[in-house]
Amino acid sequence: MKSSIKMGIIGLGAFGAKILNPISFFHPKEELEVVAVCDINENVAKDIAGQFEVPHWFQSYQEMLETIDLDVVYIATPPATHEQITRDVIQKGIHVFCEKPLANSISEARNMLELANEAKVIHALHFGQNYLPGLNTFHQMIEEGYAGEIDKIFLKMHYPSWPPEWQQNEWIASRDGGFLLEQGIHFIQAIQRVFGKITHIQSEVHYPSPGQSEDGVIATMILKSGITIVVEGSTDVSFEEDVSLTAYGSEGTVMFDFKGVKAAKVGSELKEVELGEPSPWILTHIINAIKGEPAEIYDFKVGYEAQVVLDILRQGENKLVSLEPYHNI
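Numbering-wise (numbering that gives the first Met the number 0), the sequence shown opens with residue 0 and increments by one.
Treat the hints as calculated values from the structure; they're not laboratory data.
As the structure is a prediction and not an experimental result, all values here were calculated from the model.
Simulated restraints on C-beta separations:
#1 Ser278 - Glu203: 34 to 40 Å
#2 Pro277 - Ser23: 14 to 20 Å
#3 Glu164 - Ser23: 22 to 28 Å
#4 Gln50 - Pro277: 23 to 29 Å
Derived SDA-like pairs: lysine to any residue, alpha-carbon spacing no greater than 20 Å straight-line:
#5 Lys5 - Glu30
#6 Lys196 - Tyr325
#7 Lys119 - Pro293
#8 Lys45 - Phe14
#9 Lys300 - Leu114
#10 Lys261 - Glu250
#11 Lys258 - Gln128
#12 Lys261 - Tyr130
#13 Lys223 - Ile328
#14 Lys258 - Phe153
#15 Lys290 - Trp280
#16 Lys261 - Thr245
Even for Gly, the Cβ is constructed at its ideal location relative to N, Cα and C.
Start from the sequences, fold in the hints, and give me the full structure.
Following this line, the structure appears as structure tokens:
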């Protein structure tokens with residue numbers, strides 16, 4: 000193994016460009032070096048490369064893969080492109096770090112998982128909340144029984160507008176995007192991490208037009224344990240963004256959102272919970288995995304399992320659908 004891991008980035012939108020700052024903060028070039036970036040917009044690729052002193056930039060990811068010696072590639076393009084790019088990256092024997100959701104469909108996600116397993120490369124999804132103290136504290140409190148026996152779970156997703164101001168682009172506002180895909184996938188993965196597999200879904204999703212992302216959802220998801228999760232989401236609401244996952248139990252309540260955790264015993268008011276220290280961030284774990292050292296990786300199998308829930312949820316068939324046929328992998 001080379002002393003420095005060489006990384007390429009494909010897609011320089013909201014996530015691909017933003018990851019460069021923490022990379023330079025957490026990792027000296029002797030450990031991890033971004034040696035190439037790629038974006039279909041030539042000016043964006045050239046500007047980002049210059050700003051972060053990346054030696055090579057490309058418009059074509061295929062040219063990048065043919066030209067540059069890489070150990071790992073971060074795929075930060077829209078989900079519809081993930082399967083083909085992953086296939087091309089894996090064929091070069093390069094490890095894959097991919098944005099969530101894993102793919103554009105269940106079948107594509109399954110293909111990607113099988114490809115990665117056959118090639119024996121490291122494969123990881125960017126489920127970054129797993130390395131932050133909020134979700135870890137939520138998980139720990141549930142596991143240690145703070146809320147007692149859990150009897151119901153609520154996932155609330157309310158947005159004044161969609162997309163949010165920091166993520167204005169065409170695909171995220173289209174039927175290929177939406178809040179269930181972009182942010183709901185984080186909570187789907189978190190639910191299955193903390194509470195186990197989701198086995199059944201009944202959902203009703205409203206799309207304002209054939210080409211637009213959803214503006215409302217009401218759904219029921221059932222865990223293998225029999226616990227019910229109620230999902231309620233809407234856009235264009237007349238109050239601040241309110242996105243949270245709340246578990247109600249016999250002894251109390253625990254709520255997780257992207258800001259932190261609140262909790263209360265039965266009959267008490269929810270209060271902020273003091274959070275612990277964050278885990279090493281995701282690329283530290285990927286580096287460790289590439290080096291053959293212990294690492295906490297949320298891989299394509301986790302991504303596939305989340306994709307199954309996401310796709311059935313978004314279909315909005317308004318009937319109870321079993322996920323069992325998708326679990327035999």
